[in-house]
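Okay, here's what each chain looks like letter by letter:
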Amino acid sequence: MTGAQALMRALEAVGTTTIFGIPGGTILPAYDPLLDSPIRHILCRHEQGAAHAADGYAQASGRVGVCMATSGPGVTNLVTGLASAYMDSVPVVAVSGQVTRAAIGGDAFQECDATGITLPVTKHNWLVMDPGEIAQTIAEAFHVASTGRPGPVLVDIPKDVLQARFPYAEAGPVNLPGYQPKVKPNLRQIKEAAKLILASERPVIYAGGGIIKAGAAEDLRRLAELAGIHVVTTLMARGAIPDAHPLCLGMPGMHGNYTAVSALQRSDLLIALGPRFDDRVTGKLAAFAPVAKVIHADIDPAEISKNRHADVPIVGDAKLVIQELIAVLEAELATRPMPDYSAWTGQLTDWRTQFPYRYHQPEGGLIKPQYVIERLGQITDGNAIYASGVGQHQMWGSQFINFRRPRTWINSGGLGAMGFGVPAAMGAKVAMPGDEVWCIDGDGCFQMTCQELATMAYEKIPVKIAIVNNGYLGMVRQWQELFYAERYSEVKFGWDIPDYVRLAEAYGCVGLRAESVDDVDAVIEKARGIDDRPVVIDFRCDPFENCYPMVAAGASNDDIIMGPEFERDHERVHEPQGDMLYDPEPPEEDA
Amino acid sequence: MKHTVSILVENKPGVLTRVSSLFSRRGFNIHSLAVGTTESPGVSRMTVVVDLPDKPLEHVTKQLHKLINVLKVIELEPGSSVVRELMLIKVHAESATRGQVFELAEVFRANIVDVTSDSVTAEILGPPDKLAAFEDLVRPFGIIELVKTGRIALGRGTRGISDRQLRAAV
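Here the protein sequences come in this chain order: V and D. The numbering used here numbers the first residue of the first sequence as 1 and each following residue consecutively. The numbering used here numbers the first residue of the second sequence as 1 and each following residue consecutively.
Think of the hints as simulated: they come from the structure by calculation, not from any bench. A hint or two may mislead.
[Unchecked claim] With the C-beta cut set under 7 Å, the calculated list includes, among others, these residues of chain D facing chain V:
1) SER21
2) LYS62
3) ILE68
4) ASN69
5) VAL70
6) ARG139
7) ILE143
The beta-carbon is built from N, C-alpha and C at its ideal position, and this holds for glycine as well.
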């Protein structure tokens, strides 16, 4: 057997059904036995697309996403995708070709140090110098990618290792002495956590992406209901509890809603389950949730107390943590009632009524991007899978779609990689062919990876892409408006270049356009009716609409800017001092 | 504040890079790093002195533990460990001053390993403060060059690294 045949056999053995990739010189040997393998290969048009597609595949399904590329430029093009998957803890296995063993280190054609270049953006990587190690390495790669805190890994294989003939042996059990993720939480810490919960007056569950990774959404809902505690869901945790659930407060953070932001801010206990206290959530760290005690559960011990000191640290899998916590709480509740959270709940309810997300769609005026996304969410009833790019449209997507279930909101949250949406939606649709998959994209993001339209048209992957086309790099334009005195430097694309409808048609997709509010529903419905090819909708939106609420970068969450729609209705909205439930310390200056 | 950290790692290609690049990309400043094989085949031991002005050491040890090739991480507290470093130091010494250099070397139990008509090279082994004291005393003669191995350290007493709990465990 050749190394390449061993590679395919090993990939099949760990359950690979789909690979996103592009062949090239050094990975060529692996593409030959692929013809005889049941694995479906999706020929992408750019390796970045392949990596993001593997990410979208994994986020939508919970299975490991696989991508493959050749050496040199092939693998450097994977890097953005791997970095994004790394930041979001998404299980991805990348296989790359490498120049022959003898040529390594000699600046050979299409050589680059793939393991070196991906070292900071993978959970681990391997350079396989012996064909006999291919099967074992692939088994280890899948194990590392999918267990503990999930993440991307890379396996780099020289061309002559793929070509070498050797007697094949199946991979043995994975034995990595330095890698033993702790999944079972410490019961003593769980009891401590329960004690804090029962002593709290204003608790909030701060749910992060770890809930979705751990498949703990159902357990989260049970915990929230048992304790009667509200839940904020970070960008990566949207859908972890249905938005329609009375205890769901939605997204906190830089563009989160007032109630979610303020709930964290005023809380006396953060029950942090699988988040990482990202700066986009905390705002100025020194001023974040100033009086709250913190219970922080994470599978990765290095996340605990990294940004915010945890009073009760719990290392473990979110599902097990929550189940144990429920068991301990239930035992406690047999002897005593839950604390009375009604004052706090009343406060949250007041905020929710007073400060919902708000925008104004003028009749006959330009289409507001929020209107497009809200209608899309309503028409699909929150039942689709939505992937997004990065920017205003992403924040509006998180704000205006009512998510019903986990794994339906697919993002590049940590890295914030523009261009993520189209290929991630492709990966999601391949993983979940029975689901309706929408990409909510910006015109800037779309143009970074729109070549994958060709892949989707050719492979008959019927994703629907809604371009919220405001003719600008919208989020950058918003920052220039607010923080650079409206000096718009290099952010204007214009609505018309390219002509997105004709671009879509050129790629073998259906192109649609909405130019007025009346068109919006019609094009969404039309797109939903097309299932034999991808559809691209160009929504021509108001270029100057901004995303609110907003907490400026580095500012305290107390200084949330509600936006012009609020100011119109409430003079000086942000003055809830009268009903403040705590006496905040003056915030410290950032170092 | 400087911490001395002992790291047991698998002896595999690229492990040194993984460890050192983790330090640099997380903004941890390495003061000294020494690597060598150990009593166990396939296992190497790194002794890293890391300078952490404003972060707890726990941030470093937890990140190190995430590396797949890292088997064990402990901190060696100054009071309960033996710390050594080897220095080779070449100083100007002509016939008039050579005797003084020799005397100093003898006091410090340094060995003279090379002598020329106008220079002396000494090797000196010991804890870092001893090396620093010797360096200060020979500086007036004129130091031509010097090199240090980097610090190595072992905990005092009978227990080995594998018996010890990770100090920063949560």
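So, going through the hints one by one against the coordinates:
no.	hint	result
1	SER21	holds, 6 Å
2	LYS62	holds, 4 Å
3	ILE68	holds, 4 Å
4	ASN69	holds, 6 Å
5	VAL70	holds, 5 Å
6	ARG139	violated, 37 Å
7	ILE143	violated, 36 Å
Violated hints, in rising order: 6 and 7; the structure is consistent with all others.
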